[in-house]
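Chains as they are written, first to last, in the working numbering: chain U, -11 to 157; chain H, 65 to 253.
Just so you know, not all the hints are guaranteed correct.
What the hints assert, rightly or not - Here are the computed distance ranges between Cβ atoms for each label pair:
hint: 1; chain 1: U; residue 1: 41; chain 2: H; residue 2: 71; range: 25 to 33 Å
hint: 2; chain 1: H; residue 1: 96; chain 2: U; residue 2: 140; range: 47 to 55 Å
hint: 3; chain 1: H; residue 1: 239; chain 2: U; residue 2: 115; range: 38 to 46 Å
hint: 4; chain 1: H; residue 1: 236; chain 2: U; residue 2: 37; range: 15 to 23 Å
hint: 5; chain 1: H; residue 1: 78; chain 2: U; residue 2: 147; range: 44 to 52 Å
hint: 6; chain 1: U; residue 1: 36; chain 2: H; residue 2: 214; range: 34 to 42 Å
hint: 7; chain 1: U; residue 1: 11; chain 2: H; residue 2: 96; range: 40 to 48 Å
hint: 8; chain 1: H; residue 1: 180; chain 2: U; residue 2: 129; range: 18 to 26 Å
hint: 9; chain 1: U; residue 1: 139; chain 2: H; residue 2: 90; range: 25 to 33 Å
hint: 10; chain 1: H; residue 1: 109; chain 2: U; residue 2: 140; range: 31 to 39 Å
hint: 11; chain 1: H; residue 1: 231; chain 2: U; residue 2: 78; range: 19 to 27 Å
hint: 12; chain 1: H; residue 1: 214; chain 2: U; residue 2: 142; range: 42 to 50 Å
hint: 13; chain 1: U; residue 1: 14; chain 2: H; residue 2: 113; range: 53 to 61 Å
hint: 14; chain 1: U; residue 1: 11; chain 2: H; residue 2: 166; range: 42 to 50 Å
Bear in mind the hints are in silico, worked out from the structure with no lab data behind them. Every residue, glycine too, gets a C-beta built ideally from N, C-alpha and C.
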Amino acid sequence: MADLLSHVLAAYALFTLAGWRVDAVTGRWVVVAMGGAAIPDLSKVSIVVAPRTVEEVTGLPFSYAPFSTLGGVVLVAGIIALLFGDEYRRQAWGFLVAGGVTSLVVDGLRLSIDGRAGTLLYPLTWWGPPSPNLYLTSDPRVLGVTLVVAGAVFVLDWRRSAGTDSRPE
Amino acid sequence: MQGRRLLLGCALVVALLGLFVHYGATADSHQRYPDNEEIALSYDDHVGETVQISGIVRPVTANESSGGSDTAGGSGGTNATDVTSATSATDGADATMAVVLRNWESFGTLTVRGADRTVPPGGSVQVIGTLAADRTIIAERVLPVNPHSWSEPYKYAVSAVGAVLILVVFFREWRLDASRLAFEVREDG
């Protein structure tokens, strides 16, 4: 997967742009989508507690991979959405899922040895969409591109809101 | 109201744990090639098959691929001689790398032969190839996932910045209402 900062910046750029067209996408919801964009990265919990350790302790087969799938994003978004006040919960869930899906799409674009993007759509299907093999996460140019795009969006958004003041927060 | 919230939260957590177990139990039958786990647990059963591994590149030592502990050769790229000997002289279409299987490092070193590209110790690769009897994989395709020894630390450092960024921007818009245990819109923002 792309690094977490690239995920968050990509979601920032995408949802800020969406906010120019859709009034419901305000700044407070852009940051929730940015948080959602981090959900697929939770699979890196494996660095702290190895899945094999969990298997040895519980005696059950175990994998963190579902964090980086549609099913995992929907469920984790649900858990996080419950932390929001009643009146915000549904919207929070929607923006968390949308942010998480953004990251799954970004991850689906990276270089893959077998030309497949992996089990992003689990548990609906094990089928992995074909990957366009666009980038390698360890290539700093990936972050370079997302930084430039997010920076440009930030400046344009700032000038836009300063100029027209049309976006109710 | 809070009780219902707790109940729903528990249901979602149980469903998520269910996915973790289900994925762990069934992913193997959906993958195209045997991977690190199958090789480490039953190497001999897969000799001659096409396998797909995720490996961390290690310096080639004198008695290469003897198996057993990998820790001696640990933290890649510790000295210059190791680095230069990590790949065979032929860095063309038939290079050799010593790798350990990610998450199964204790299985010891394997040799990847016939690689069309190599990565220095400390980097990591994915390899699709044929498993041979002598702890060797004859590579068909090599993908340098972390082509430098700094690639993985770079990703973690950058990701940590991402995590901090999320927290900072989130709490500029939202605050935790301690009495309701819920995020509420920050009105003073």
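Legend entry - Hints the structure fails to honour: 2, 4, 6, 9, 10 and 12
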